[in-house]
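Asks: If you want the building blocks of each chain, they are given just below.
Number of protein chains: 4
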Amino acid sequence: MAGNSIGQLFRVTTFGESHGPAIGGIVDGCPPGLTITAEELQLELDRRKPGTSRYTTARREADEVKILSGVFEGISTGCSIGLLIENTDQRSQDYSKIKEVFRPGHADYTYWHKFGIRDYRGGGRSSARETAIRVAAGAIAKKYLREKFGVEIRGYLAQLGPVAVEQVQWDQVDQNPFFCPDPSKLEALDSYMRELKKAGDSVGARVNVVASKVPVGLGEPVFDRLDADIAHAMMSINAVKAVEIGDGFAVVEQQGSTHRDELTPAGFSANHAGGVLGGISSGQDIRVSIALKPTSSISIPGKSINLQGEPVDMLTKGRHDPCVGIRAVPIAEAMLAIVLMDHLLRHRAQNADVVCTTPDIARLQDE
Amino acid sequence: MAGNSIGQLFRVTTFGESHGPAIGGIVDGCPPGLTITAEELQLELDRRKPGTSRYTTARREADEVKILSGVFEGISTGCSIGLLIENTDQRSQDYSKIKEVFRPGHADYTYWHKFGIRDYRGGGRSSARETAIRVAAGAIAKKYLREKFGVEIRGYLAQLGPVAVEQVQWDQVDQNPFFCPDPSKLEALDSYMRELKKAGDSVGARVNVVASKVPVGLGEPVFDRLDADIAHAMMSINAVKAVEIGDGFAVVEQQGSTHRDELTPAGFSANHAGGVLGGISSGQDIRVSIALKPTSSISIPGKSINLQGEPVDMLTKGRHDPCVGIRAVPIAEAMLAIVLMDHLLRHRAQNADVVCTTPDIARLQDE
Amino acid sequence: MAGNSIGQLFRVTTFGESHGPAIGGIVDGCPPGLTITAEELQLELDRRKPGTSRYTTARREADEVKILSGVFEGISTGCSIGLLIENTDQRSQDYSKIKEVFRPGHADYTYWHKFGIRDYRGGGRSSARETAIRVAAGAIAKKYLREKFGVEIRGYLAQLGPVAVEQVQWDQVDQNPFFCPDPSKLEALDSYMRELKKAGDSVGARVNVVASKVPVGLGEPVFDRLDADIAHAMMSINAVKAVEIGDGFAVVEQQGSTHRDELTPAGFSANHAGGVLGGISSGQDIRVSIALKPTSSISIPGKSINLQGEPVDMLTKGRHDPCVGIRAVPIAEAMLAIVLMDHLLRHRAQNADVVCTTPDIARLQDE
Amino acid sequence: MAGNSIGQLFRVTTFGESHGPAIGGIVDGCPPGLTITAEELQLELDRRKPGTSRYTTARREADEVKILSGVFEGISTGCSIGLLIENTDQRSQDYSKIKEVFRPGHADYTYWHKFGIRDYRGGGRSSARETAIRVAAGAIAKKYLREKFGVEIRGYLAQLGPVAVEQVQWDQVDQNPFFCPDPSKLEALDSYMRELKKAGDSVGARVNVVASKVPVGLGEPVFDRLDADIAHAMMSINAVKAVEIGDGFAVVEQQGSTHRDELTPAGFSANHAGGVLGGISSGQDIRVSIALKPTSSISIPGKSINLQGEPVDMLTKGRHDPCVGIRAVPIAEAMLAIVLMDHLLRHRAQNADVVCTTPDIARLQDE
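Residue numbers (the UniProt record's numbering), protein chains in the order written: chain P, 1 to 367; chain Z, 1 to 367; chain Y, 1 to 367; chain X, 1 to 367.
Just so you know, the hints here were simulated from the structure itself, not pulled from any lab data.
A pair holds if it fits inside one copy or across any two, identical chains being indistinguishable in the list.
Here are the simulated DSS-like cross-link-like pairs (lysine-lysine), alpha carbons at most 27 Å apart as the crow flies:
#, residue 1, residue 2
1, K303, K213
2, K99, K66
3, K303, K97
4, K49, K66
5, K49, K198
6, K198, K97
7, K66, K148
8, K148, K213
9, K197, K303
All figures in this text were calculated on a predicted structure; none of them were measured in a lab.
So here's chain P without its partners, still in its complex pose (with noise of 0.2 Å):
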């Protein structure tokens, strides 16, 4: 059933295949007044885009958004937004080997027998190209999220299979291939994605995205808190298997002490909760950090089944990313940005009338 939409207020739904004629989507519900440029979205649309390192598919897509509508001399309507990319270099001749038989690891054997049909150019529906459109849909998110109330919404490279980050330079992460913050680790990340590739291997990774100054109150009691719908947003991106608020599984062996975050009229004493209690964001800093597997697609042959439940030897051919970690990066952004700011909307829906006295102290902090 209808699942190609997420959020309520500000809800963005998609369309398109690895390799039809144009992927696409619609931006329902963003507020007007806001200047959106197609070259806006296109900056964050090109730190996504496949073919522009070493280290990530060779396929070349200009990734070329076009705004259909919702945008009228610049300015937001109010209405709904259609978003449109044209694919340009799909090659279906890749794929005709896999049209019988099921990759491992991938949707295909799902699908299957999900649909009892599917377009196996590439993994159709299921390839992590539609998240182009999330990135576009994201960056009118984010811009209208810093522009009314600061806040800031970025992400980083935290660990890609056994090379882990120990600082975080932001202004590093957009200055190398890997969105990597740490300056010391980009030669370690190179050797290794070298010898990943000789190998003809994947690699896992894990990826943190911060968010700052989201206002006090952001979530909903008891099932759409912000967390969760975060959870649900962050999992629904291909290949994340994981995801962490704030301190995450570490909360396992801590004790109430150590993890809740004191209160002080200066602000909060820390910030393990991650910027979330009890669904609803404090003010202080979201922290999410999100795990992506290896991709399946890799030059190892692996076993199979064909289309008849029989055994077949098989080798993943066309072009893919030895680490769809890196590239998760700007997707995880954008998709923390559109929950943020669905939550905003749905928060004053209902609160538009409150008034607190009681001083923000998250906000102090920043200050």
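Take the given structure of chain P and dock chains Z, Y and X to it, following the hints.
Replies: Same frame as chain P, but now just chains Z, Y and X:
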């Protein structure tokens, strides 16, 4: 805005505060023809019920559920099912001291900023008390899934502070007050909890949930992936800070040649994926792991502020679980059941016509 | 599937059957800070209550509503509001005769085919008994709209069988058991109803509802137009077969030069549109008219079939309204209030930043 | 907020303005396995297309629809279907004069107040141009319903101003530019329209739509009744001011003994209900009637105000339909198809297990 519902087709909506007269909920979308008795729901509720061991809160609630509609002569009618549990052991006077202050690590501060008013009695709506209705609703989903498809949903405590289980004996889980599947760990758990109580502190935990014999094909591209909806449901449980599907964060250091589960006519070679490929169930066991933070209600004094933003020292009284993770086991099972039930209905809505002759290899493997 | 909810942001979900132990509902999304008492809700419920005049069903229900959550010390908290009304005068034995047969004009046949089971007692879920909860929920919406924006929502019986009202004196509506605004018609109504009862028959009715001082701007392009959502809400009331906005069916014979309401600095020249232009409120009175069919439960024998499909002669006993349209007045008001409330929240979610300096001419006109 | 979607499981989301580069939409939830070609969609689009007769707008649009996703080798895959129609005959200069003023009877005033900005070119998003995508989406629903269940959805012009049809010859509807089923009225229609055009005025219309062989059981208690969702869908069409199901407003003067449709083993005795009982389809013909107002864009000068609230005289130029009701026939059919399709999916999601041995008497009657 309206955030008290979960599910699209099997939709659970709840109400109720910790110290109000009652909590309740509506299960909308239950298929007709299912035998449902209050007694069956009660069995699940009794597993979650407070006051049953010295390791959980001393609050005593009968947690007696009434079915007010949607079931006629013991059979579900397809109409909305009203559920009600009266609160019997609320002691609001315990909480009057916290009226003017925010308990660290709780939702007090965020609810206050969001709504400008809060029911301070025991956390009001932010209390885990509301999860009782989730368990009752989940019992309905569990039963349907088991009766119609043989799906089995089971959870256990995997780790409590430093004590991690080393083996899973399913028949042991309900034999001890910890939902611990490893009898060799019971002593360690008991002594750890005694020390903890003495110290007046609390501790985090890890809970694992497994769904077996799930039909292949559940989950919707691209946002309403099964794993995304599971992550949402799990993170919506009070105190949960992290969710993993399958190998979870371990994938960060895995290579594709290790992670990908190969397919053979006799079944999958492994289950690193945790039963979900491309967001759709593969028929393998769905493996979910969650982290629950230590409750912030402890007997150790902490710093906070009051409604005026002035510093206060505070000591949380009241009756609390020193490890909320223990009683989370039946809650996590319930949430997984609700998500699977919802996706089962969603799947068959769209795909009722699908005929797939490729063998269901996970089912073969099970047999 | 889950169809027992209405509204996106101000969402009402209900449960309960005509002869079950209770009916109830959840109001999700009510803004915090609103004074709400059970007594206020009761005032609206008493207007709808059965057994209050000889023109309505003899069933006597106290219809006493309890607020179980979401209101703390008399003020709404922003959390979900649980509502409960116990059924006190159910007499299920009255209905055992219809267990095996389908009452013509009722939902018996369709529920049976849809669900394969039905609570035959008084129509079960299909009974208009559930509308009591709509009235309680609507009372909350009404109050908010009135307090914050001065919106006034009022309805009346416009026609009953052949008796059509000719003038609207608002202060008369609650002075008679017909909700009739035209005192000159009371005698005709009384005598018509006496004859009808003698004949054992029932009759249809037209009910008009008007909302005044509605803020300009409510309604969403393009599917969730305000008038579309009003039509949905009205048609969801039992027995409603038609809905008009503004001039309604009269527009078929109108020309554009007549229909279009011109704008002047002092206000609109007319209100043929019924307060909605392009699906968005114009600030003028929202005028809605609905038709309610005669109840099919009459004392005149009719033909039907039984569960086996065999012909039967049947006579509907039980206690029924000879004109369900009468008691529909407060229900229609409630539904209009719920829709306006929902759209008010939706509007301000997206458009909180909008500054419009063009005068609100409808408001000028009101003053 | 997000209001550009309709349907829960078969969900259509649209974008696009009258004079933007393109309009488009996404159909989410279409079952897999359905043969769909752009040519088939085009057949329906051509029925709605402007510029085809002297009775409709002179704007010439090819209305050529492209399918961008969700269909693989001519078969639906179950994934979201992207639809795109480029605007080719937009002439924005026609509209620059109305930039500063509000056309009476149009959405100009309400959009301006709601959003603080408006795309004034041809009404922007409020233009009926967006209905082209509804027709394309409806064609998909229509085809599925016809292929799988034999459902036939047909509409016609029932009245135009004073000219009402007196007989329905289905085979005549597509033989004339009025969608008129009564050949004896064609001359009257033609001469009326000529006079109207000469006068520079416009006129309202009534359109009827009938769905035959609808499966019994579609519709959900209690808010998402089939008739309620039909009313919503119909009222969401531009210019619609009223909706009737079955006998509609005629029920006001009916008695129960007349209105109730008796059941016999050979079928229903009549169809006053219009195919819906208790909000659920009975298997009889679903009969819907709608009223469309005369377009407000006429050549007769009218009064209005400008953005500053000052009085202006205005004359609407541009190319307009003198009776928007004519081209509404295929749109109304499409909306009915979308609603039925959505409810078909919703029904089988929950009720897949139901076995009902009571004969489907409406189906018997059909055969």
